[in-house]
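Chemist: One line per chain: the protein sequences are A and B, in this order. In terms of numbering that gives the first Met the number 0, the first sequence has 44 at position 45, counting the first letter as 1, and numbering is strictly consecutive. In terms of numbering that gives the first Met the number 0, the second sequence has 62 at position 63, counting the first letter as 1, and numbering is strictly consecutive.
Keep in mind that the hints were calculated from the coordinates and are not lab data. This one's a predicted model, so the numbers in the text were calculated from it and none came from an experiment. A few of these clues could be false.
Covered stretches of chain B, as calculated for chain A (at least 3 residues, CB under 8 Å) [unchecked claim]:
| hint | region |
| --- | --- |
| 1 | 26-36 |
| 2 | 41-49 |
| 3 | 56-63 |
| 4 | 91-100 |
| 5 | 124-138 |
Computed beta-carbon distance windows for the label pairs [stated by the list, open to error]:
| hint | chain 1 | residue 1 | chain 2 | residue 2 | range |
| --- | --- | --- | --- | --- | --- |
| 6 | A | M50 | B | G70 | 39 to 45 Å |
| 7 | A | E57 | B | L66 | 38 to 44 Å |
| 8 | A | V76 | B | I99 | 25 to 31 Å |
| 9 | A | I67 | B | L102 | 32 to 38 Å |
| 10 | A | F83 | B | F136 | 26 to 32 Å |
| 11 | A | F8 | B | G107 | 26 to 32 Å |
Not close to chain A: a few residues of chain B, all C-beta gaps over 12 Å, as computed [to be verified]:
| hint | residue |
| --- | --- |
| 12 | P8 |
| 13 | Q73 |
| 14 | V78 |
| 15 | D113 |
Heads up, the beta-carbon is just placed ideally off N, CA and C, and yes, glycines get one too.
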Amino acid sequence: MGNLVLITFLIASLALLPDYGYATVRGWVARPLPSIAMILIMINTFTHARMGVQVMLEDYVHEEGGKIAAWLLVNIVPFAAAAFGILSVLRIALGGA
Amino acid sequence: MAQTRKARPISPHLQIWRWGPAMLVSILHRITGNGLAFGGLGLLLWWIGALASGPEAYQTFLDWVWLGTGGGLQTVTSVLGKIVLVGLTWAFFQHAASGIRHLILDIGAGYELDTNARWSSLTIVISILLTIAFWAFVLLR
Numbered sequence: 000m001g002n003l004v005l006i007t008f009l010i011a012s013l014a015l016l017p018d019y020g021y022a023t024v025r026g027w028v029a030r031p032l033p034s035i036a037m038i039l040i041m042i043n044t045f046t047h048a049r050m051g052v053q054v055m056l057e058d059y060v061h062e063e064g065g066k067i068a069a070w071l072l073v074n075i076v077p078f079a080a081a082a083f084g085i086l087s088v089l090r091i092a093l094g095g096a
Numbered sequence: 000m001a002q003t004r005k006a007r008p009i010s011p012h013l014q015i016w017r018w019g020p021a022m023l024v025s026i027l028h029r030i031t032g033n034g035l036a037f038g039g040l041g042l043l044l045w046w047i048g049a050l051a052s053g054p055e056a057y058q059t060f061l062d063w064v065w066l067g068t069g070g071g072l073q074t075v076t077s078v079l080g081k082i083v084l085v086g087l088t089w090a091f092f093q094h095a096a097s098g099i100r101h102l103i104l105d106i107g108a109g110y111e112l113d114t115n116a117r118w119s120s121l122t123i124v125i126s127i128l129l130t131i132a133f134w135a136f137v138l139l140r
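Let the hints inform the model, and build the full structure from the sequences given.
Modeler: This is the structure:
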């Protein structure tokens, strides 16, 4: 539900940018509201994706080895990915020019 | 876990049913969701990571995904990148429309056969129209 608002905000904002050069796009992310939205996106999309992918894997992966791989994927990747995303947003938001 | 596996009763599977809109939208929800999870979030991380790293990394992202400035393999990936980005926006709109339909189903409405088929079909119409509208706006303004 939050993703409906957050991703709509993201793609509408990107669509409205005057150009897609480095300064413009980074400048947009660095603003307070977009920074907060991007951090929330990193939390909310990866939480949502983790649950959805888990349900998909439960339906299709039946062998023991596959289940272990699926467990590792679902319990490690989304957290590492979200952490990388949040750190990137913070670097942009707090890093000055 | 360790018990011996007996032959399980087999239920009729996909190929035996006549396809209807609700079945199509159901499997599209899973396909678009997983496409967004792996493709969409992967690209999102590349994009935000490149933006955080600096102008060169961001230019590399643009070259590979959209511009193809460097030639060679980028000529191919920049075409694929456009297809993927258009596909991802469609996947988002389809997954969102289907998700809203699920919210409505969750409150107990829309289970009559004709209503269910109509709203299923409408999610597809809506997602295609929104995708066209979005890219028309981005590319033509």
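Chemist: Kindly indicate which numbered hints from before are broken by the structure, ordering the numbers from low to high.
Modeler: Of the numbered hints given earlier, the structure breaks none, since each of them holds.
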